[in-house]
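Peer 1: In the order they appear, the protein sequences are chains A and B.
For the first sequence, position 52 (counting from the first letter as 1) is numbered 52 according to the working numbering, and the numbering increases by one without interruption.
For the second sequence, position 85 (counting from the first letter as 1) is numbered 85 according to the working numbering, and the numbering increases by one without interruption.
What the hints contain is simulated information worked out from the structure, not anything from laboratory work.
Incorrect hints may have been included.
Here are the simulated BS3-like cross-link-like pairs (lysine-lysine), alpha carbons at most 30 angstroms apart as the crow flies [as the list claims (entries may be wrong)]:
hint	chain 1	residue 1	chain 2	residue 2
1	B	100	B	126
2	A	419	A	497
3	B	53	A	566
4	B	3	A	419
5	A	566	B	101
6	A	624	B	93
7	B	77	A	624
8	B	101	B	126
9	B	183	B	15
10	B	53	A	626
11	A	626	B	77
12	A	139	A	25
13	A	626	B	100
14	B	2	B	93
15	A	83	A	419
16	B	15	B	93
17	B	100	A	624
18	B	101	A	626
19	B	53	A	510
20	B	3	A	624
21	A	480	A	526
22	B	93	A	626
23	A	26	A	503
Below, each chain spelled out in residue letters.
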Amino acid sequence: MYNQDFFLQAMIYLLAAVITVPLAKKTGLGSVPGYLLAGVIIGPYVLGWVGQESEKVMHFAEFGVVLMLFLIGLEMQPSLLWKTRHSIFGMGGMQVVTTTLVIAGAAWMMGFRPNQAAAMGLILSLSSTAIVLQTLSEKGLLKNSGGRSAISVLLFQDLAVIPILALLPLLAVIGSISDVKRQVPPPQEGFAALPGALQLLLIVTVGMAVIFAGRFVARHIFRFVAGAGMREVFTASVLLLVIGSAYGTAKIGLSPALGTFIAGVVLAENEYRHELEVTIEPIKGLLLGLFFISVGAGINFTLFFREPLLIAGLVLLLILLKFGALWVTARVFGLRHGRHVLFALALAQASEFGFVLVSFSDTLRIFDHETSSLIIMVIIFSMALTPLLLVVNEKLVRPWYVRRRNKEVPDKIPETGNKIIIAGFGRFGLVVGRLLIANGFTVTILDSNPANVEILRKYGFKLFYGDVTRPEMLEAAGVKDARLLVLTMAEDDEALKIAGWLKKNYPDLKIAARARDTFHEFEFYKLGVQMVQRETFNSAVELGSRSLHFLGFNRYQAHRAALTFKHHEDSIMRELYEHWLKDETHFIRESRRFSDQLTETLQTERDFSIHETDCAWDVTSVRKEKAEETGLRPDEDSRSRDHGREDDGHAQNG
Amino acid sequence: MKKILILFAHPALHKSRIHSRLARAAGEVEGVTFCNLYDRYPDFFIHVPYEQKQLRDHDVLIWQHPFYWYSCPALLKEWMDLVLEHNFAYGRKGTNLHGKKALSVISTGGSEAVYTRQGFSHYSVKQFLAPFHQTARLCGMEYLPPFVVHGSHLLREEEIDRYADWYARLLTALRDNTLPTVKWQDAESINSLIP
Numbered sequence: 001m002y003n004q005d006f007f008l009q010a011m012i013y014l015l016a017a018v019i020t021v022p023l024a025k026k027t028g029l030g031s032v033p034g035y036l037l038a039g040v041i042i043g044p045y046v047l048g049w050v051g052q053e054s055e056k057v058m059h060f061a062e063f064g065v066v067l068m069l070f071l072i073g074l075e076m077q078p079s080l081l082w083k084t085r086h087s088i089f090g091m092g093g094m095q096v097v098t099t100t101l102v103i104a105g106a107a108w109m110m111g112f113r114p115n116q117a118a119a120m121g122l123i124l125s126l127s128s129t130a131i132v133l134q135t136l137s138e139k140g141l142l143k144n145s146g147g148r149s150a151i152s153v154l155l156f157q158d159l160a161v162i163p164i165l166a167l168l169p170l171l172a173v174i175g176s177i178s179d180v181k182r183q184v185p186p187p188q189e190g191f192a193a194l195p196g197a198l199q200l201l202l203i204v205t206v207g208m209a210v211i212f213a214g215r216f217v218a219r220h221i222f223r224f225v226a227g228a229g230m231r232e233v234f235t236a237s238v239l240l241l242v243i244g245s246a247y248g249t250a251k252i253g254l255s256p257a258l259g260t261f262i263a264g265v266v267l268a269e270n271e272y273r274h275e276l277e278v279t280i281e282p283i284k285g286l287l288l289g290l291f292f293i294s295v296g297a298g299i300n301f302t303l304f305f306r307e308p309l310l311i312a313g314l315v316l317l318l319i320l321l322k323f324g325a326l327w328v329t330a331r332v333f334g335l336r337h338g339r340h341v342l343f344a345l346a347l348a349q350a351s352e353f354g355f356v357l358v359s360f361s362d363t364l365r366i367f368d369h370e371t372s373s374l375i376i377m378v379i380i381f382s383m384a385l386t387p388l389l390l391v392v393n394e395k396l397v398r399p400w401y402v403r404r405r406n407k408e409v410p411d412k413i414p415e416t417g418n419k420i421i422i423a424g425f426g427r428f429g430l431v432v433g434r435l436l437i438a439n440g441f442t443v444t445i446l447d448s449n450p451a452n453v454e455i456l457r458k459y460g461f462k463l464f465y466g467d468v469t470r471p472e473m474l475e476a477a478g479v480k481d482a483r484l485l486v487l488t489m490a491e492d493d494e495a496l497k498i499a500g501w502l503k504k505n506y507p508d509l510k511i512a513a514r515a516r517d518t519f520h521e522f523e524f525y526k527l528g529v530q531m532v533q534r535e536t537f538n539s540a541v542e543l544g545s546r547s548l549h550f551l552g553f554n555r556y557q558a559h560r561a562a563l564t565f566k567h568h569e570d571s572i573m574r575e576l577y578e579h580w581l582k583d584e585t586h587f588i589r590e591s592r593r594f595s596d597q598l599t600e601t602l603q604t605e606r607d608f609s610i611h612e613t614d615c616a617w618d619v620t621s622v623r624k625e626k627a628e629e630t631g632l633r634p635d636e637d638s639r640s641r642d643h644g645r646e647d648d649g650h651a652q653n654g
Numbered sequence: 001m002k003k004i005l006i007l008f009a010h011p012a013l014h015k016s017r018i019h020s021r022l023a024r025a026a027g028e029v030e031g032v033t034f035c036n037l038y039d040r041y042p043d044f045f046i047h048v049p050y051e052q053k054q055l056r057d058h059d060v061l062i063w064q065h066p067f068y069w070y071s072c073p074a075l076l077k078e079w080m081d082l083v084l085e086h087n088f089a090y091g092r093k094g095t096n097l098h099g100k101k102a103l104s105v106i107s108t109g110g111s112e113a114v115y116t117r118q119g120f121s122h123y124s125v126k127q128f129l130a131p132f133h134q135t136a137r138l139c140g141m142e143y144l145p146p147f148v149v150h151g152s153h154l155l156r157e158e159e160i161d162r163y164a165d166w167y168a169r170l171l172t173a174l175r176d177n178t179l180p181t182v183k184w185q186d187a188e189s190i191n192s193l194i195p
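The shape of chain A in the complex, shown without the other chains (with noise of 0.2 angstroms):
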């Protein structure tokens, strides 16, 4: 059954994203504001494409934002949550409770009753999980100490949802006091019903059930799916955890978005984290921008036209009052060198979970219909202003406090920096890694081989199970921050393909490369990787000094043989590297690849020498010099007709 009203709408929804996001991003704004112009323009107010259905649409959109949290979840493992109980219950609390307190001020001097006043207070302190992440994560700030105490903030906030919903019915039994007629509270069912003791129990349940899912049944699940090979039932496995934890913690009154976050930090250690990032990624960006082109498309212009002037002035009114305590509680936490400013400009917006809480508050009778729109309207314009605010940041800001830190701080080592990751771990990977790994140095090592992840983690490498020939799946891993990426996967085209993308996307990144062959090799440098290592030739050169040792060298000989024959096929290399390039055409039938590679070898070998290094420990000449100069014919030595070579009579001693 097909709705053809459907097709049109998503047709709406994507065109209208798909031009306006990238002039966005053009514009250095982010794509938020592309998506909520995009809402706008679709919307009831200028073409009017989009209507009523909107705010469905926001409803279902909005469990992007729950896919966001749980991959920022996914970010935070749990040591790291823990170093920063702090930041989360210290900064979070204190900036909750201050905003609130500044806004209800405010509120109360405009002439609102005291329970109105204490209700927008709680309302207006939220701010916007979806902008600011989506913002923070397009610019880079994330990893920011401002960035990550902004995280902790929003985690808080999502926390505080929970008692502020609680609290709203009874500033209504307070504010109803005065009036004749007492609002009645909803009656409760399900698990509000529940007394007090037991909702707990079953709140500590439920999040111990995830926590163990987490750690123990889930990588056996994520195996299992991964070795059938397919990948949609792998997405559609991540879809279920996420969801099942959402609707799990909707449940029992939380947050879903707080469930779906828990569950990315019980997962953050698992070896299938990278994948389920890469599979859950492209559905959250979609979901995300639906969102915000329905909080465009529900923008009330009617009313902002009727009073732009206040509208704009409260918009102005709550940003400063957001950003001047977020400002105090991040220098009491001590943020500074501008950091403190990206952290109170990024959060001085208003929530999504305002629009939720505004339409509780109006069926709880605490504002009227007009209020409730005038609210809204603000929040609406305060998300908007945000990215507005990142650049002022950036432009602004940031240049200021850097020039000021340039004068009094030395030089610190970036937060990352000295990331390896190694692509494909099988025979040749594993040996790069080890020896890395014995030296001191942090991998990520990225392989796509189910069994061997599992083997290396029980021996404790740090492994990650991925299709190391996606893209994505080094981003994820963080290709952006590496200094150093070894391709040691054994497909030979697809490790081309990575280092051509590589390449194009972050040409400053160092590649090192391992070759099937001599062609091979050529098409890494052709493509500009200059570290590359044919796969069996030192081993074969070691086994032919070997060789040569069972044959009447001695190893010190036979080592010196093998390492001059290194240096000359080095050479020859070079020489060859000059043909193929010219004549590359010539080389393309597979079939012929060996024979090719080995005539232009030879062909170019006849025409190279190798040159004896070790002439200055063969004393023939000065022998003969010495005869000369005496007169006297020294003995034919035998020993100098065969390989070993005289070594006893350097000239010092002649």
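Assemble chain B onto chain A, guided by the hints.
Peer 2: Relative to chain A, chain B alone:
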């Protein structure tokens, strides 16, 4: 203007206090070719024709290294064994190095007093360097007294800086040929002769 070739041998430069500083100072003097042997030949496979060409192209040869067991680290010895070939560096047709200057630039753990007849090492640094001296002579080169950084274990940072500065001045003087030539055969080290 003389061209100077520094053959630098240090197998663990990442742990070096003295030579890393001397090397940096040397690299900043114009007209100096600095060759880090352990970096160029980590597998001890010395490219003899290249090294011989380098020798032909320069006028002053410096062997710079820490004083390992009263001599040089292994790779520099290997370099001497392989590069100074018969009929290149010595022998009837081996006149390529004739008339060039050579000197050693070394650091020692012991103080100057250690390297005396009465001292712990029993011989002077110059006496220990006899093989280098005679090698230079056999190749027809003039061997100058060594530049010595004594007591390297106990040197403070600013003292090392002073030595590095001193070394740079020595190189400049060698390049511009402004060293006093009087009686340097008798000098125990070249340190005191640097302007």
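Peer 1: Run through the hints listed earlier and report the numbers of any the structure violates, in increasing order.
Peer 2: 4, 5, 9, 16, 19 and 20
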